[in-house]
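Required output: the full structure, derived from the provided sequences and hints.
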Amino acid sequence: MNVSLFGNLVLGAALTFCVLSITSYCYAWGQAKGTLVWGRRFYWVSTIFSVGSLVYLFFLFVTKHYEITYVAEYSSSDLPFHYLFASVWAGQQGSFLLWLGWSAILGLFMQKRLGEYEERGMFFYLLVQLFLLFILVKRSPFALAATPMADGRGLNPLLQDYWMVIHPPVMFLGFAAMAIPFALAMAALTRREYKNWVTAAFPWVNFGRMVLGTAIIMGGFWAYKVLGWGGYWGWDPVENASLMPFLGALALTHGFLIQKNKGSLPKTNFFLAVTAFLLVVYGTFLTRSGVLADFSVHSFVDLGINGFLVLFLLTFIVVGYGMLFWRAREIKGPVYSGPIVNQDFNVLLMILFISLSAFMVLLGTSSPLITRLFGQPSNVEISYYVKTHLPIGIAIAFLVGLSPYLFWRSATPYEKIRKALWPAILALVCAVLTFAVGFREGIYPLFHFLTFFALFSNVVIFFRSATSRPVNSGGHLSHIGVSMLLAGFIFSSVYSQEKRLNLTIGEKGEAFGYTLAYKGTEGDLKQTENALIFTVEHKGEKTEARPRFYWSDYSQGYMRKPAIQKGIMYDLYISPINHSRASEATSEPGMLAFADGETKEDAFGYKITFKGFTEPKMNPAAGEVSIAALLEVAGYGVSGVRKPVLTIKNSGERVSPPVELSNGNTVALIDARPDPRQVALKFAGPSVVPTAASQDLVSIEVSKKPLIILVWLGTFLVTIGGIISVIRRSKELPPSKFPIDLTKAETSSEPPKVLTTK
Amino acid sequence: MKARYIIALVIIIGFAVYGAVSLKTSLTPYVSFAEAKSSPQTVQVMGELEKSATRYDTTAGLLYFTLKDKHGDLLEVSYKGIRPGNFDQATQIVAIGDYKEKVFEADQLLVKCPSKYQGEEVQSYKAEK
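Here the protein sequences line up with chains A and B, keeping their order. Going by the numbering used here, the first sequence opens with residue 1, and the numbers climb by one from there. Going by the numbering used here, the second sequence opens with residue 1, and the numbers climb by one from there.
Read the hints as simulated data drawn from the structure, not as lab findings. Note that the Cβ used here is the ideal one computed from N, Cα and C, for glycine as well. Hints should not be assumed to be uniformly reliable.
[What the hints assert, rightly or not] Where chain A lies over chain B, by a calculated footprint (3+ residues, C-beta under 8 Å): (1) 6-18; (2) 67-76.
[What the hints assert, rightly or not] Which bits of chain A does chain B cover? Going by a derived footprint, with three or more residues having C-beta under 8 Å, they are: (3) 177-184; (4) 343-354; (5) 358-372; (6) 674-682.
[Said to hold, decoys possible] Across the chosen pairs, the derived CB separations fall in these ranges: (7) A:311 with B:21: 49 to 59 Å; (8) A:2 with B:18: 56 to 66 Å; (9) B:98 with A:640: 43 to 53 Å; (10) B:3 with A:225: 44 to 54 Å; (11) B:6 with A:34: 49 to 59 Å; (12) A:634 with B:21: 22 to 32 Å.
See below:
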């Protein structure tokens with residue numbers, strides 16, 4: 001049997017059993033409780049086929065089945081084995097399959113501890129897998145290529161990084177997890193039971209939030225390390241598409257806290273659970289339908305699945321919001337009382353600001369679609385996101401800083417202020433110090449103070465709770481992480497400094513107290529290991545930096561990978577920009593090589609700039625082609641443009657007639673190269689004396705990113721805090737029902753155990 | 001009780017207004033070359049690359065190139081930064097920026113290239129500050 005057919009059969013089987021499982025759960029939802037066990041059985045089989053198709057796709061990559069379009073498109077025979085994982089999820093279909101695989105696996109864990117939510121919860125949960133399977137069957141990753149190829153195209157060199165091996169799986173794990181709170185919310189709404197679902201959904205919301213947050217920063221770290229533009233976050237639609245559900249999950253985490261403690265916000269939590277999941281689906285639609293093709297970095301191609309994606313989105317909008325709207329009047333929770341400044345109101349404001357952030361991102365990312373309704377589609381500048389998030393960031397820092405003091409409910413206001421005193425003093429000292437050393441941009445000093453205050457306050461409460469009740473310390477640890485993240489974001493972006501250096505071999509340049517000397521290159525431009533070598537000297541310490549610079553046939557362009565010297569106070573980020581090498585012919589007297597746009601101040605007494613080429617002239621009759629270089633010439637009493645011509649005949653013969661400069665000096669075009677544009681010129685005449693100047697010239701950008709380490713450290717703490725929270729909320733779940741007692745489920749007529757809240 | 005609602009409402013309304021104003025001022029509409037030349041705000045222009053007119057000023061780190069739109073109008077664009085790797089293969093280039101003294105200063109470029117398998121690929125490049 002051919003591999004394409006086999007793959008499609010596996011997908012088809014997964015779809016079939018998915019439908020069977022949904023149908024069984026649907027019956028079980030009615031009165032036929034006995035079919036519940038069939039729902040589970042079919043779900044297990046469906047999972048095996050779903051995960052199996054992902055494994056099979058990987059197998060096809062390993063066994064180099066280039067007759068499969070998807071395999072040929074994202075791998076080649078010379079690709080190292082470990083990057084084949086990245087190949088599997090490099091394209092659309094593979095990443096849909098990855099999403100499906102995670103969704104199937106998570107379902108197994110979810111299913112066992114749902115209690116009486118099982119049949120309805122699983123019904124709604126499986127709808128997501130159903131849609132994914134429809135898309136995959138329609139656009140199968142196992143499709144055969146129209147014309148089989150001997151070798152694949154290869155993987156985009158930017159994706160050949162171990163972060164791209166692990167970042168997408170983590171991201172899609174988060175996307176898959178966000179369907180669980182949605183499914184449980186739907187189950188709760190259909191059961192008219194508006195309280196206990198929070199207990200069942202809480203660990204999953206924490207899990208989804210933690211995983212998405214980690215995945216987002218992993219992607220940022222990849223961008224920082226590989227792309228070389230110096231940042232980790234660019235407010236690109238693909239990045240925003242992952243940020244929005246994260247913010248939804250984050251708001252929901254805080255909403256659940258209130259509902260668990262006080263019973264308030266039941267409607268808000270339903271809304272947030274539905275919205276967080278819809279943001280996953282909406283993000284998928286934005287980034288995979290091609291609607292933003294003119295506005296984004298990432299290549300979006302319309303696969304012909306737009307109809308499905310729109311249906312996917314509309315179905316869940318109608319089901320989700322429709323159900324909530326229908327039940328809205330019945331859902332009631334207790335109304336607050338008590339002082340304005342209390343823990344719940346603080347958390348409520350936090351939910352508000354997180355939601356505002358999500359809404360601003362949603363609005364900005366959707367702006368091309370919104371403006372299209374009124375005329376010319378317009379995108380927003382990145383400054384929009386920065387502008388709107390500055391006040392939100394300040395408010396969040398303030399609320400995070402306040403939260404520990406509101407947490408001590410028993411303490412009197414006087415005690416609270418006393419507790420806040422030391423962190424406040426310490427934060428003020430730090431803020432003044434940072435101000436004194438030059439970090440003083442606009443309103444940011446206030447932001448610095450608030451983040452320091454949030455950091456110290458949460459460190460204090462974390463150590464108190466970690467020593468008394470470790471399982472409750474997750475939130476505080478996450479807040480420490482968030483404070484660090486905010487500080488890291490501000491310092492590394494607002495106070496980032498850049499400097500450009502142009503160096504020839506042996507030349508030294510200064511940037512931020514560092515002396516950089518260019519030593520030359522290593523290896524061949526066509527090899528990925530080719531690096532520009534610099535020695536970096538700082539306070540007597542000498543190190544070497546090797547930013548990569550190489551030609552990629554895949555991208556048809558030069559690839560640049562920065563060299564990063566990591567430090568605690570700041571990173572030194574060395575990004576290659578341009579490298580021009582003269583042709584070998586320069587040893588001949590009078591020869592000079594010019595890079596594109598290059599100006600030489602003293603080319604045998606002339607100032608000469610190479611401005612580009614004229615349009616090549618073809619002369620098919622004579623079998624020759626001519627091109628002229630545009631030179632701006634000044635010196636020795638001339639100023640103007642010279643156009644020396646190079647004619648290449650079919651026979652390979654080259655003709656370079658000299659062009660008059662002045663005083664009997666001439667210039668001729670000996671060699672011309674298109675990419676990167678460069679020319680070799682031969683000067684002749686009385687002024688020409690040989691020079692031994694080196695022509696190997698590099699341009700680099702050196703930048704200093706203060707405290708960027710806090711971004712990675714903060715993420716680490718937020719993730720650990722998230723894991724602690726997941727553990728805490730999992731302990732509140734009903735006990736595991738596995739191994740399933742099949743006989744009991746089939747014969748039992750009594751209702752399953754009721755979930756309880758504490 | 002009431003005070004809470006008022007505080008929350010004030011924050012929401014305040015942000016709605018602030019957000020709307022920020023959005024309106026940061027929108028970068030797609031415009032024609034003629035409009036780009038007269039527009040004071042940041043805009044996006046799209047055109048084909050006039051390959052012969054590209055040059056790179058190494059000392060200033062500026063890339064100069066000319067775009068030609070579907071009416072045949074020309075616009076010279078400057079871009080501070082790396083010459084995008086796939087620049088010469090570009091079928092279309094989107095430049096985002098504003099027009100200053102006879103040249104369109106791009107803050108960001110989107111370079112569309114033909115791709116063997118997927119029709120077209122888009123890559124984005126941001127200018128240095």
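Structure-based check of all given hints:
1. 6-18: The restraint on the segment 6-18 of chain B holds, since 6 of its residues have a Cβ under 8 Å from chain A and three suffice.
2. 67-76: violated (count 0)
3. 177-184: violated (count 0)
4. 343-354: holds (count 5)
5. 358-372: holds (count 6)
6. 674-682: holds (count 4)
7. A:311 with B:21: 49 to 59 Å: 36 Å, violated
8. A:2 with B:18: 56 to 66 Å: Holds, at about 59 Å.
9. B:98 with A:640: 43 to 53 Å: 32 Å, violated
10. B:3 with A:225: 44 to 54 Å: This hint holds: roughly 49 Å between Cβ atoms.
11. B:6 with A:34: 49 to 59 Å: 55 Å, holds
12. A:634 with B:21: 22 to 32 Å: Given range 22 to 32 Å: violated, Cβ gap about 50 Å.
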